Amino acid sequence: DQQVKQNSPSLSVQEGRISILNCDYTNSMFDYFLWYKKYPAEGPTFLISISSIKDKNEDGRFTVFLNKSAKHLSLHIVPSQPGDSAVYFCAAQSRGSQGNLIFGKGTKLSVKP
Amino acid sequence: GAGVSQSPSNKVTEKGKDVELRCDPISGHTALYWYRQSLGQGLEFLIYFQGNSAPDKSGLPSDRFSAERTGGSVSTLTIQRTQQEDSAVYLCASSISGTSGQETQYFGPGTRLLVL
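Sequence lines, in order, name chains A and B. Number 352 in our numbering belongs to position 81 of the first sequence; there are no gaps in the numbering. Number 162 in our numbering belongs to position 69 of the second sequence; there are no gaps in the numbering.
To be clear, the hints were calculated from the coordinates, so they are not data collected in a lab. Be careful, since some hints might not be right.
To be verified - Pairwise CB distance ranges, derived in the manner of DEER restraints: (1) A/I289 <-> B/E107: 31 to 37 Å; (2) A/H343 <-> B/S190: 28 to 34 Å; (3) A/Q274 <-> B/Q176: 24 to 30 Å.
As the structure is a prediction and not an experimental result, all values here were calculated from the model. Where is the CB? At the ideal position from N, CA and C, for every residue including glycine.
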């Protein structure tokens, strides 16, 4: 049973508009969440993270929102750029775990010029 | 500074052969993780090393998989008697300590393994 779900396998957005990538989780022990971006033939690159004590974290064009009651987080990219086209993975870590991350299956974002 | 490096970048092998995959973590990082990504799937945790502690092997899919970490730095993931279902991208990551939680893991480029 998937503990981290990214229900949209793909998303297409026009350059300059907002991209919203969603992630749902089932394990209430998760207390740290991360977003990674992955280009073809490369390893995942860390983007942004959020601790469960916060509901928002912002870094430049990237903002992550966490809704603990809904067990939902989202990544907003504003404004979207063609270079943002990649697969985005949501990952979660359990409180007290040794650190292994639980990943979603990813959402492929395409930003069209 | 250098990131996580992995070798080889690609490996094609025949079913039944053994393979070794290498990971060189970021200098100074004491925690090292192996994941794999099968086609169309997310990353699946395999094994975790933290300093000189016994590794967490809870993610290894079978006893054909093993890993070691020599001198607290370089790690080797070995797959014995490879099967076609072992075909995947094997990713290595490292983090500063792995003990405090809420640490960012930094990934290498991966090794793409194809078992024919």
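#### Entry: CB-CB spacing for B/Q176 and A/Q274 relative to the 24 to 30 Å hint
For B/Q176 against A/Q274, whose Cβ atoms are near 26 Å apart, the range 24 to 30 Å holds.
### Query
Does the hinted range 31 to 37 Å hold for A/I289 and B/E107 at CB?
49 Å, violated
### Message
Looking only at beta-carbon atoms, does the pair A/H343, B/S190 fall within the given range of 28 to 34 Å?
### Response
30 Å, holds
Comparing the model with each numbered hint stated earlier shows that hint 1 is the single one that does not hold.
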